[in-house]
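Those protein sequence lines, which keep their order, are chains A and B. Per the numbering used here, residue -19 is the first one in the first sequence, and the count goes up by one each step. Per the numbering used here, residue 21 is the first one in the second sequence, and the count goes up by one each step.
Incorrect hints may have been included.
To be verified - Below, computed lysine to aspartate or glutamate pairings styled on EDC-like, alpha-carbon distance capped at 20 Å:
1. B:K89 to A:E95
2. B:K61 to A:D(-3)
3. A:K137 to A:E124
Derived by calculation from the structure, the hints in this document are not laboratory data.
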Amino acid sequence: MIYQEVLLVAKVLCVDDEKNVRNLMRKVLEDEGYEVVAVSSGEEAQELLNRERFNILTLDLKLPGISGIDLLKKLQEEGMEVPAIVISAIATPEAIVEAMKNGAVDFLSKPFSPEELLEKIKGVLEMEKMTFSKMERIAKSLMEKGKYDESEKIVRKMFSLVPSSPIPHYLYSLILSSRGNKDLALKHLKAALTLDGNYHPAREELKKYEEEN
Amino acid sequence: MKKKTKILYVIVVGCGKMGSIIANYASSEGHNVVVIDKDEKAFDMLSPEFSGFTILGDATEVENLKAAKVDRADVLFSLTTDDNTNFMISMVAKHVFGVKRVVSRVYDPDNLPVFQEFGIDAICPILLMVESLKGLLLGE
Chain A
-19 MIYQEVLLVA
-9 KVLCVDDEKN
1 VRNLMRKVLE
11 DEGYEVVAVS
21 SGEEAQELLN
31 RERFNILTLD
41 LKLPGISGID
51 LLKKLQEEGM
61 EVPAIVISAI
71 ATPEAIVEAM
81 KNGAVDFLSK
91 PFSPEELLEK
101 IKGVLEMEKM
111 TFSKMERIAK
121 SLMEKGKYDE
131 SEKIVRKMFS
141 LVPSSPIPHY
151 LYSLILSSRG
161 NKDLALKHLK
171 AALTLDGNYH
181 PAREELKKYE
191 EEN
Chain B
21 MKKKTKILYV
31 IVVGCGKMGS
41 IIANYASSEG
51 HNVVVIDKDE
61 KAFDMLSPEF
71 SGFTILGDAT
81 EVENLKAAKV
91 DRADVLFSLT
101 TDDNTNFMIS
111 MVAKHVFGVK
121 RVVSRVYDPD
131 NLPVFQEFGI
141 DAICPILLMV
151 ESLKGLLLGE
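Chain A on its own, in the form it takes in the complex:
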């Protein structure tokens, strides 16, 4: 799956203690083709984030139990990299700064219109896409310089960002191949092609393997 498609079918986790707001998020985002899971507390959100991967998190600040800010802090401590948009009625500059300081990528004040919500969601997903392409470029340039260990670190992040993309598999196969681990490299090449049969670089690389053997 290419990243563009991931953007369209992104999975969104919404955390808000108000049922009417959860209804609204579901209605607006599902109409646009997003997959939405809506929960009412930070605890539930944390549990879900430990089990499943989401492309984006929308988070209310005032929640029963663990607050939105505390959840952001916990996610940061645990190294979870889901981008979070804070959505709150408390839209003072202080609140916005605090949310951003704790890792939120954007802020939306309540009440919001469907257009405003979609704009924020799309903006964050675009940003993620840019990050992903940028990572690909950096990983490649590190490889060209022979810095395979550093490149591997970035490729691992790319895996976690978009597990369904063939690109990290392909890049990882190049790293493995440079280390002489041809078997595993071949497996990753095949994995890349299973994810996207038309992914050209992986096909070319596979051809080389076949010619060598």
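Put chain B on the given structure of chain A with help from the hints.
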């Protein structure tokens, strides 16, 4: 197929029987709805499918109207149970925040001219009832 209407930003003040019914309807029609009431329990009247916002607070306080982003509203319905409260909220919405369409419930028919004088659309339930009864007497 449903007729496509423009999506409106609707503020409903007072979430009683009347307020909740109109808020539920507006929400089900796809409008952006914000309901303000000073009693949290009042929001229980909203349907489980209601997909708008609720603001807990007194709408005669400007801060609460600002929190509802009243300056963006296409229409505001002031439906509290008190004429004076409705008048004050309507006046602020119309003449301070420039809301295009402000509609208020008015209990006492004697109060109607005051609302009308200030450009507020006023609906008096008593007069509506009287008109219906008159019609009945005239055999309509």
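Problem set entry | Ascending list of hint numbers which this structure does not respect | The structure conflicts with no hint, since it agrees with every one listed earlier.
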